[in-house]
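> Note that the protein sequences, when read in sequence, are chains Z and A.
Note that the numbering used here has the first sequence beginning at 2, numbered continuously upward.
Note that the numbering used here has the second sequence beginning at 802, numbered continuously upward.
Treat the hints loosely; a few may be bogus.
[To be verified] With a Cα cut of at most 35 Å, we get these calculated DSBU-like pairs of lysine-lysine:
hint, chain 1, residue 1, chain 2, residue 2
1, Z, 467, A, 892
2, Z, 430, Z, 397
3, A, 803, Z, 62
4, Z, 812, Z, 166
5, Z, 812, Z, 432
6, Z, 27, Z, 269
7, Z, 269, A, 803
8, Z, 725, Z, 53
9, Z, 686, A, 803
10, Z, 808, Z, 382
11, Z, 267, A, 892
12, Z, 652, Z, 397
13, Z, 11, Z, 397
14, Z, 11, A, 892
15, Z, 397, Z, 62
16, A, 892, Z, 652
17, Z, 27, A, 892
[Claimed, not checked] From the derived model, a few chain Z residues whose C-beta atoms are all more than 12 Å from chain A:
hint, residue
18, 238
19, 473
20, 502
21, 816
Derived by calculation from the structure, the hints in this document are not laboratory data.
Heads up, the beta-carbon is just placed ideally off N, CA and C, and yes, glycines get one too.
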Amino acid sequence: MSTDFSIVGKSTAMIDAAEKTTGTGKYTDDFSLPGILVGKVLHSPYPHARIKSIDTSRAEKLDGVITVVVGQDAPRTYGILPVGHDEYPLALDRVRYVGDNVACVVATSEAVAEKALELVDVEYEVLPAYFDPEESMKAERDLIHDNKPNNLEKDYHHVFGDPDKGFAEADEIAEARFIANEVTHAAMEPHSTLASFEIDPHTGNPGRLTVWSATQVPYYLQHKLSLVLEMPMAQIRVIKPLVGGGFGGKSEVIPLEITAAVAARKAKAPVKITYTREEVFWAHRGRPRTIIDLKTGVKHDGSITAVKARVVQDGGAYCSYGVVTILYSGALLGALYDIPNIQYDGYRVLTNKPACGAMRGHGTVNVRFAFESQLDELAEKIQMDPAEIRRRNLLKPPCITVNGLRVQSYGLPECIDKTVERSGWRERKGKLPKGRGLGVACSHYVSGAANSIIRSDMPHSTVNIKIDRDGGVVVYTGASEIGQGSDTMTAQVAAEVLGCGLSRIRVIAADTDLTPIDIGSYSSRVTFMAGNATLRAASDVKKKIAAAAARKMNCAEEQLTFRDDRIGKQGQSAPTAPPRPEELEVTQAGASVSGRVEGQILRGSLQQKRKEEGPKDWMTFEEAVVAAIDFHGALTGTGSYAPPPEARGGKHKGAGVGPSPAYSYSAQVAEVSVDEETGEVTVHKVWAAHDCGRALNPVSVEGQIIGSVWMGMGQALTEEMVWKDGMLMNPGLLEYRSPSSVESPEIEPIIVESIDPEGPFGAKECSEGSLAATIPAIANAIYDAVGVRLHESPFTPERVLAAMRAKRKEKALNLTEGVDPTNPTRFREHGGSLCFKGKGPQRHALDPACRQTPAGGAD
Amino acid sequence: MKRELIELRINSRRYELAIEPSALLLDVLRQELQLTGSKRACDDSSCGACTVLIDDVAMLSCTLLAASCEGQDITTIEGVSEHGSLAAIQKAYGDWGGAQCGYCTPGFIMTVKSLMAENSDPSEADMRAALSSNLCRCTGYNQMYAAIRSAIAAEREGLAAKQ
Numbered sequence: 002m003s004t005d006f007s008i009v010g011k012s013t014a015m016i017d018a019a020e021k022t023t024g025t026g027k028y029t030d031d032f033s034l035p036g037i038l039v040g041k042v043l044h045s046p047y048p049h050a051r052i053k054s055i056d057t058s059r060a061e062k063l064d065g066v067i068t069v070v071v072g073q074d075a076p077r078t079y080g081i082l083p084v085g086h087d088e089y090p091l092a093l094d095r096v097r098y099v100g101d102n103v104a105c106v107v108a109t110s111e112a113v114a115e116k117a118l119e120l121v122d123v124e125y126e127v128l129p130a131y132f133d134p135e136e137s138m139k140a141e142r143d144l145i146h147d148n149k150p151n152n153l154e155k156d157y158h159h160v161f162g163d164p165d166k167g168f169a170e171a172d173e174i175a176e177a178r179f180i181a182n183e184v185t186h187a188a189m190e191p192h193s194t195l196a197s198f199e200i201d202p203h204t205g206n207p208g209r210l211t212v213w214s215a216t217q218v219p220y221y222l223q224h225k226l227s228l229v230l231e232m233p234m235a236q237i238r239v240i241k242p243l244v245g246g247g248f249g250g251k252s253e254v255i256p257l258e259i260t261a262a263v264a265a266r267k268a269k270a271p272v273k274i275t276y277t278r279e280e281v282f283w284a285h286r287g288r289p290r291t292i293i294d295l296k297t298g299v300k301h302d303g304s305i306t307a308v309k310a311r312v313v314q315d316g317g318a319y320c321s322y323g324v325v326t327i328l329y330s331g332a333l334l335g336a337l338y339d340i341p342n343i344q345y346d347g348y349r350v351l352t353n354k355p356a357c358g359a360m361r362g363h364g365t366v367n368v369r370f371a372f373e374s375q376l377d378e379l380a381e382k383i384q385m386d387p388a389e390i391r392r393r394n395l396l397k398p399p400c401i402t403v404n405g406l407r408v409q410s411y412g413l414p415e416c417i418d419k420t421v422e423r424s425g426w427r428e429r430k431g432k433l434p435k436g437r438g439l440g441v442a443c444s445h446y447v448s449g450a451a452n453s454i455i456r457s458d459m460p461h462s463t464v465n466i467k468i469d470r471d472g473g474v475v476v477y478t479g480a481s482e483i484g485q486g487s488d489t490m491t492a493q494v495a496a497e498v499l500g501c502g503l504s505r506i507r508v509i510a511a512d513t514d515l516t517p518i519d520i521g522s523y524s525s526r527v528t529f530m531a532g533n534a535t536l537r538a539a540s541d542v543k544k545k546i547a548a549a550a551a552r553k554m555n556c557a558e559e560q561l562t563f564r565d566d567r568i569g570k571q572g573q574s575a576p577t578a579p580p581r582p583e584e585l586e587v588t589q590a591g592a593s594v595s596g597r598v599e600g601q602i603l604r605g606s607l608q609q610k611r612k613e614e615g616p617k618d619w620m621t622f623e624e625a626v627v628a629a630i631d632f633h634g635a636l637t638g639t640g641s642y643a644p645p646p647e648a649r650g651g652k653h654k655g656a657g658v659g660p661s662p663a664y665s666y667s668a669q670v671a672e673v674s675v676d677e678e679t680g681e682v683t684v685h686k687v688w689a690a691h692d693c694g695r696a697l698n699p700v701s702v703e704g705q706i707i708g709s710v711w712m713g714m715g716q717a718l719t720e721e722m723v724w725k726d727g728m729l730m731n732p733g734l735l736e737y738r739s740p741s742s743v744e745s746p747e748i749e750p751i752i753v754e755s756i757d758p759e760g761p762f763g764a765k766e767c768s769e770g771s772l773a774a775t776i777p778a779i780a781n782a783i784y785d786a787v788g789v790r791l792h793e794s795p796f797t798p799e800r801v802l803a804a805m806r807a808k809r810k811e812k813a814l815n816l817t818e819g820v821d822p823t824n825p826t827r828f829r830e831h832g833g834s835l836c837f838k839g840k841g842p843q844r845h846a847l848d849p850a851c852r853q854t855p856a857g858g859a860d
Numbered sequence: 802m803k804r805e806l807i808e809l810r811i812n813s814r815r816y817e818l819a820i821e822p823s824a825l826l827l828d829v830l831r832q833e834l835q836l837t838g839s840k841r842a843c844d845d846s847s848c849g850a851c852t853v854l855i856d857d858v859a860m861l862s863c864t865l866l867a868a869s870c871e872g873q874d875i876t877t878i879e880g881v882s883e884h885g886s887l888a889a890i891q892k893a894y895g896d897w898g899g900a901q902c903g904y905c906t907p908g909f910i911m912t913v914k915s916l917m918a919e920n921s922d923p924s925e926a927d928m929r930a931a932l933s934s935n936l937c938r939c940t941g942y943n944q945m946y947a948a949i950r951s952a953i954a955a956e957r958e959g960l961a962a963k964q
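Next comes chain Z alone, as it looks inside the complex (with noise of 0.2 Å):
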């Protein structure tokens, strides 16, 4: 492969930066229509009940109110997942946490809508509740689903090798629980959905549906959409237009997007609904609170005989992405480093709690904190340098894991040499002052999932690109930008390919209508799949333009180069060298014309002096994009991309997740400090080297690293869901504490290119690896610190306080409940049988719900 790019691997701005920093780019909440109405969703207040009656009459009274939305208008069930159809837009018969949907109100203003969800009366009879993973598996009445004994979504066992005769063979072993708790992705822009419908000319009635959302997968929306409605796909148009960050938040129905539809159907007319921040915590789907059983076996040389994982997530009260992220947690934990013999035990457990889903770093970050930790501990064992420990253990790619999973380019070995060598690694750990310390942790990510969520023989990605005579290129594809730069990617791929400037592209994105199935932006899937589909389909098209320019310029096609913006024979007009100004002029001329009415007059004047001057060495790009018309016809190319068979996985169940066609490395190395007065940890810097195959955008790359690893910061120190009988006790920004400019350390990212022989120009993902090594790096720092190995994250002070002072022998305080967060057993809040006892959430006196004069007849 040529290595000589011109577009590729050099930064570029976003092509959408000047629309998100001016303010003129559009969210889903700035779009408005005519006659557009407010839809607000009711809430359940109890974790866990039976819905016994819903009496809208009070609220349909109200003036401004146009039509209340309940769950029997569209009693058809949905989920991400083909296996997974439990959830209703709007509860039906039962509600399963505090804050499943009730009912929409749907208003001429959002006061209105908010006065008559007051107003809509509901019964509940309160059902006994379930909070505790390990106490909900030991259920047997009051099931949160009827069809899943035991609240057990699914589980796994997996043995790969022989772990028994590893373990054997191990000179030491670890044997620990850990306890990641939960965090969500609190992407900026909260979730919203615009829906409308059109009049159908022929029938009269309302036909077509339109839905503007905030969403990471368009296609899955649409599709969900139609199962709901019960209306054909291709009447329903799903527009992603700009997002505010997703995190994996948005890859997946929310039920407030189908509910818009619903109610736009009932209400005849447009309906916005736009959660607020406290919504958008219940809805949640973030990364689910984990247990962790581990044992590792090593021997003295370092490397790793067994390892053996019991893993049970919290999962809420639906199955949302859960089977995948049970998956995801065994089968990753193989295809980092070389790890003969494995056994796996993942529980998906249903609980009275918002549902868990994809959260970046999807199913492996729990595990890795789990992992790198004991590896940690394990290097003291055997007195060997915690980072020399993960050298030993290096897979020898080209290879298939123990596991089933391909492995092609690895680009580790120099993430961890690099990190390393940076951070000073050698010279500095262990001679640190007191309370400060270094810590390493690896981790890996897929590009991609090598198995679609419904399986079929699809594409993943289709590209379709459109070229007219003006010269202007238009790409279309169905990849979602959510912020991670994937428009940008598309328009560089494209214009490396062709051979013509970034600002002849215009990417159409995520239309369903315009534009050609992606399945969606997660996975961390869109640069290797949509940036395949986008380069086979500029291939696609180029080669027409080349059979058009050859045979003007009386060569074979392989001997022309495409580069800026020009065409030309090989070695004859050396198109890497800028146009001369005269020679600028004459394209800059051409092309103003070529567009124009009298254009065509001109342009046969021009072709009568290039035939008079007789076959060229070079053509500029709009010249050549005519003759390709003149040729050919309609000038249009086409790629899509599949994952190949070889990259699909293994036979065992369960081994369609975890499969990828190519996997990121990441290696970092922590430094933090810990004050031993109040157990504070401050971070002061990460270096994080990152293999993503091929840096395509290099600023777009460190901003994905930087990001990963800052966001992997705030779920080592400081954020956390809090549950409370099934109340989250911190639905605010300011409560879940993510990090401010002030609490964020410096990070250092180091690009490593291993070049992909599958990823387009060798580039893999970037997005979503790095994050899972920042909770075990921050870990191992603060144990090289103050010399506590904490099993329970965040490290907030509390925790680490109390860790301390048990280290030191000092007088216990309750920092934590009871809970040791060095040797963790429980989640912190509902130990044993804590079971909902049917009082409801005690609520404040001036709580709106605790008014005893009827709402909204004050004022």
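With the hints as your guide, set chain A onto chain Z.
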């Protein structure tokens, strides 16, 4: 609630508006004037996505009554670009990766503008302190510091060129 007539001066233009006295500035900007660049991302003044300048001071428009801003100069993100071109800080945010999803970006740009007006040579600690009023979930803030430094340099260069 009965609407009342008020007059607001936004981005050097005068608007006469009939609004409910309880209307928040953010809602008036977004819903009455379609100035949707200012965003709502929280319910409790914690995120800064709605930041605007009121008489050159960065304020949260989600917790300001529109009626209380009468007689003051309001600058929103739509008033930042200069003569139809990107201001130095807007260009720099694009070039240096200061914006990813872009939802928090308008708020950050307003905060940075007020920082740059107050302090022509902010240290990284100054920048961190100033930006802590706004939240971003994408960038980890690091690339924003580079963007601010570059914007300050570009502005200086621009000023030098004029002299």
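> Determine for every hint whether it applies to the structure shown.
Cross-check of the supplied hints:
In summary, the hint linking residue 467 of chain Z to residue 892 of chain A is supported, as the alpha carbons are separated by about 30 Å, within the 35 Å threshold. The hinted pair formed by residue 430 of chain Z and residue 397 of chain Z meets the criterion: a straight-line CA distance of about 28 Å does not exceed 35 Å. In summary, the hint linking residue 803 of chain A to residue 62 of chain Z is supported, as the alpha carbons are separated by about 21 Å, within the 35 Å threshold. At roughly 43 Å between alpha-carbon atoms, residue 812 of chain Z and residue 166 of chain Z are farther apart than 35 Å, so this suggested pair is violated.
Only pairs whose Cα atoms come within 35 Å are accepted, and residue 812 of chain Z paired with residue 432 of chain Z is accepted, the gap being roughly 30 Å. With a C-alpha separation of about 25 Å, the suggested pair residue 27 of chain Z and residue 269 of chain Z falls inside the 35 Å cut-off, and the hint holds. A C-alpha spacing of about 28 Å is found between residue 269 of chain Z and residue 803 of chain A, which places the hinted pair at or below 35 Å, so the restraint holds. With a CA separation close to 25 Å, the supplied pair residue 725 of chain Z and residue 53 of chain Z stays within the 35 Å bound.
Restraint check for residue 686 of chain Z and residue 803 of chain A: the C-alpha separation of about 55 Å exceeds 35 Å, so the hint is violated. A threshold of 35 Å between alpha carbons decides the hint, and for residue 808 of chain Z with residue 382 of chain Z the separation of about 19 Å falls inside it, so the pair holds. Between residue 267 of chain Z and residue 892 of chain A the CA atoms are separated by roughly 45 Å; this puts the pair beyond 35 Å, and the hint is violated. Restraint check: the Cα-Cα separation between residue 652 of chain Z and residue 397 of chain Z comes to about 23 Å, which is no more than 35 Å; the hinted pair holds.
Of the supplied pair hints, the one linking residue 11 of chain Z and residue 397 of chain Z holds, its CA atoms being roughly 31 Å apart against a limit of 35 Å. A threshold of 35 Å between alpha carbons decides the hint, and for residue 11 of chain Z with residue 892 of chain A the separation of about 17 Å falls inside it, so the pair holds. Note on residue 397 of chain Z and residue 62 of chain Z: the hinted pairing is violated, with a Cα-Cα distance of about 71 Å set against a maximum of 35 Å. Between the alpha carbons of residue 892 of chain A and residue 652 of chain Z the distance comes to roughly 51 Å, so the proposed pair goes past 35 Å and is violated.
Restraint check: the Cα-Cα separation between residue 27 of chain Z and residue 892 of chain A comes to about 19 Å, which is no more than 35 Å; the hinted pair holds. For residue 238 of chain Z, the non-interface assignment is confirmed: its Cβ lies about 22 Å from the closest Cβ of chain A, beyond the 12 Å cut-off. With a cut of 12 Å on Cβ distances, residue 473 of chain Z stays outside the contact zone with chain A, its closest approach being about 22 Å. With a least CB separation of 17 Å from chain A, residue 502 of chain Z remains clear of the 12 Å interface cut-off, as annotated.
Residue placement check: residue 816 of chain Z keeps its beta carbon more than 12 Å from all beta carbons of chain A (closest about 25 Å).
Figure legend: structure checked against the earlier numbered hints; hints not met, in rising order: 4, 9, 11, 15 and 16.
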